[in-house]
Amino acid sequence: MNRIPLRFHLNDAEIGEFIDSGTTLLSLLRDKLGLTATKSGCNQGSCGACTVLINGAPQLSCLVLAARCEGKSVATLEGVSDNGTLHPLQRAFMDGFAAQCGFCTPGMIIAAKALLDRNPDPDRGEVIDAISGNICRCTGYEPIIDAILAAAAEMRGGKRKSA
Amino acid sequence: MSVALRAAASPREACRHIARRDARLIAGGTLVMNEINNRETVTASLVDLASLRLRSIKIANSRVTLGAMTSMADIAAHPKLKFLKPVVTAIGGPAVRNMATVGGNLHAEAPYGDLGVALLALDARVTLETARQRKTMRLEDFYAQHRKLGAYLVTAVNFALPGANRFFFTKAIRRKPVSASVVAVAAHLPRKGKRLAGPRIALGAMAPHPIRAKAAETALDGKALDETTIAAAASAATEGSAPASDPYASAWYRREIAPVYLARLLAQAAGQKS
Amino acid sequence: MAKQRGRGMASVNYPTGMNLGGDPSQALIHATTTGSFVVTLSSVDLGQGLKTIMAQICAETLGIPTDNVIVDTADTDTGPHCMGTFASRGTHRIGNAIIMAAKEARAVLLEVAAEELEVNAADLETDGKGNIQIKGSPGKSISVLETALAAHFKHGRTISGRGIFLQPRSYPEPETGRMTPATCYAHACTVAEVEVDTETGEVAVLSLKSAYEVGRALNPRMVEQQIVGGAWMGISHALYETTEPYYPDRAHGPVDFNEYLMPGPGDLPKFENVVIERPAPDGPYGAKGVGEMTANSPIPAIANAIYDAVGVRIDSLPITPEKVLRALKAQAA
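Protein chains in written order, with the numbering used here: chain A, 1390 to 1552; chain B, 582 to 855; chain C, 7 to 339.
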């Protein structure tokens, strides 16, 4: 085993851990830190369920070695709500019935947050591109796209589309 | 999984490590981590290129140099590389684009590797280092020879900026807005007056790596881009190609539609104001 | 470039549940000390929304708020028996079992409340907000919480109920073959509009318009969502999904989610859905099953629309661009 020290910023905490150098960020989050919102779907980088933000940009945590996160800032779904108050995206997903089984939902919300953080007023095509690496088997995508647009409108201070 | 991760101190040092059979380079990780996770490869150590400062986009004297660790997202965001935006935004989803690198894309086998298709049409040069030397070669030579190079590391690619409305890209996909290629077509179409001068056409997913459609280039060179020329280029499009059958499409289907996609791309180019 | 548009339609009659060796499901309900009601099932919610619907049915029957119902689907070893979550049977079979169990529990609930209020149980009603009151005189009431506490600590009673719904096995009549393989049937019709690229065989689904007759939509938003998700899956079966893309040649089977093709978020047609409610006499509050049928009618509707657009009849799924292009070439030859 190649045990190495790792320090990084995770949601609102500083994390210091000794890890195996081959550990993926996904495995560190789920298996060691117990943060299981980030899902392990395919381990091949083709489903998007493990999407997290690294320094604000979406990446696939199944393909990221945790050791490469030294000194970086990682955001997962656990950090999206504010002290129990749901993020507008989370509320819009609930109100818009944008989940069935829910397995893709954490990755979808992180992918959507990455979009809205840099583009508060996306058009439908930009939303579709933002979730183009995230597979959903249940919803037919349409409720997800609508929910992201509704959250964006609310965050801009506009009226939400009726739920 | 126990994999040692080592930061590369220099390109040459990285080459010395990967000369060992069980060591691999890791750039964006989208290829090698997939193999490790699925135990397709037994890798004892990874040499991390992130420490090498190879993530850069430089434009000088109308020549673009992309460091090997430059990501697809970096290219998509660059104001002077707008002509490549349709290429890189047709790759992965945003997460993959943040991870996947220029150097890695040159090693992605069909039906992946779309950036390489564009770079081949742009007559890019590849700079690479081995344990002993640095060399620069044409991308098409790199594709033909890289398996025989031994341990090497691509550090950069460079190419001349194409003129406005002279570079075109399209691809047939099976999942919108992005999927791997059924076929990808890139065309660099410089002109002298109304006639094409030294056109370059590259195809993706029509061979294990991107290839030039030389017969189509010949059909276009020195001609005006009209219906007759386009039809001639399209009918020569698949000469020398060797597409594979995979879950996206059969070899037969790829040969059938490569000419259609080339013809449509050329028709789009003909419709552009010069 | 030649793009041809076409329109096709298809209908489906879909049985709710199926003819097994009898098709039963059970439910047990009990009140906690705090007046919440636990519904114990062996049925599974795998995303179809079973827990939500079962909580609604239980709350409606008991006359309490949905928030006060806890649906426990924990364990198929120890829970009351359920045949399973398939055949679009969950809402109908399990829902009926819950109604039966909740009626029994409600009777005990009202008996205990009657003792506390010193009235006749037959004179009581629930207000749906967590209170039990004398009919026509809301001033005299007791909360469900107080009733549950009294049942536990004063009266020594369990507020509980048992329910089962059994669709008995149906054997065919030897002479006619006539049998009753299911209970009620839901119905739908889909009209698909497609655009076919005659040079590449690529098919784009432009719109899917469907009408569904589902008995009663117990949760209209979830019904709508199931119809959209099912329509997407119908497109997927029609045009994309296969483990053997060149069957009977079994080579080139997909090995990951990049290769196992499904429509992406950029492939969505315009969805338009209408739900017609004609309550089924044997359904829980009139509901039929609307689960699996939603992926059915889009498939032949799309195949028919392709035929309408370019005159080629593809009779194996998925209808890949290659199959369409080969058929177009054969048609031209």
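Hints in this document: simulated from the structure, not taken from any laboratory. Every residue gets a Cβ at the ideal spot worked out from N, C-alpha and C, and that includes glycine. Among the clues, some could well be false.
Derived DEER-like restraints, expressed as beta-carbon distance ranges [unchecked claim]:
1) C:249 to B:690: 18 to 26 angstroms
2) C:83 to A:1490: 50 to 58 angstroms
3) C:17 to B:816: 40 to 48 angstroms
4) B:757 to C:53: 19 to 27 angstroms
5) B:728 to A:1407: 36 to 44 angstroms
6) B:799 to A:1512: 39 to 47 angstroms
7) B:788 to C:227: 22 to 30 angstroms
8) B:661 to A:1396: 47 to 55 angstroms
9) B:690 to C:183: 40 to 48 angstroms
10) A:1473 to B:757: 33 to 41 angstroms
11) C:142 to A:1512: 51 to 59 angstroms
Listed next, the in silico DSS-like pairs over lysine-lysine satisfying Cα-Cα at most 27 angstroms (straight line) [claimed, not checked]:
12) B:757 to C:57
13) B:757 to C:9
14) C:109 to C:57
15) C:215 to B:757
16) B:716 to B:639
17) C:160 to C:215
18) A:1461 to B:639
19) B:757 to C:146
20) C:276 to B:757
21) B:639 to B:663
22) B:663 to B:729
Evaluation of the provided hints:
1. C:249 to B:690: 18 to 26 angstroms: holds, 22 angstroms
2. C:83 to A:1490: 50 to 58 angstroms: violated, 23 angstroms
3. C:17 to B:816: 40 to 48 angstroms: holds, 46 angstroms
4. B:757 to C:53: 19 to 27 angstroms: With a Cβ separation near 24 angstroms, residue 757 of chain B and residue 53 of chain C satisfy 19 to 27 angstroms, so the hint holds.
5. B:728 to A:1407: 36 to 44 angstroms: holds, 39 angstroms
6. B:799 to A:1512: 39 to 47 angstroms: holds, 42 angstroms
7. B:788 to C:227: 22 to 30 angstroms: Violated - the Cβ-Cβ distance for residue 788 of chain B and residue 227 of chain C, about 50 angstroms, lies outside 22 to 30 angstroms.
8. B:661 to A:1396: 47 to 55 angstroms: violated, 37 angstroms
9. B:690 to C:183: 40 to 48 angstroms: violated, 56 angstroms
10. A:1473 to B:757: 33 to 41 angstroms: holds, 38 angstroms
11. C:142 to A:1512: 51 to 59 angstroms: holds, 57 angstroms
12. B:757 to C:57: Not OK: residue 757 of chain B and residue 57 of chain C at ~34 angstroms, beyond 27 angstroms, violated.
13. B:757 to C:9: Between residue 757 of chain B and residue 9 of chain C the Cα gap is close to 18 angstroms, so the pair holds against 27 angstroms.
14. C:109 to C:57: holds, 19 angstroms
15. C:215 to B:757: Given that 27 angstroms is the threshold and the Cα spacing comes to 21 angstroms, the pair holds.
16. B:716 to B:639: Judged against 27 angstroms, a Cα distance of about 19 angstroms means the pair holds.
17. C:160 to C:215: violated, 58 angstroms
18. A:1461 to B:639: holds, 26 angstroms
19. B:757 to C:146: Violated, because 62 angstroms separates the two Cα atoms, which is more than 27 angstroms.
20. C:276 to B:757: holds, 15 angstroms
21. B:639 to B:663: Holds - the C-alpha atoms of residue 663 of chain B and residue 639 of chain B are around 14 angstroms apart, at most 27 angstroms.
22. B:663 to B:729: violated, 34 angstroms
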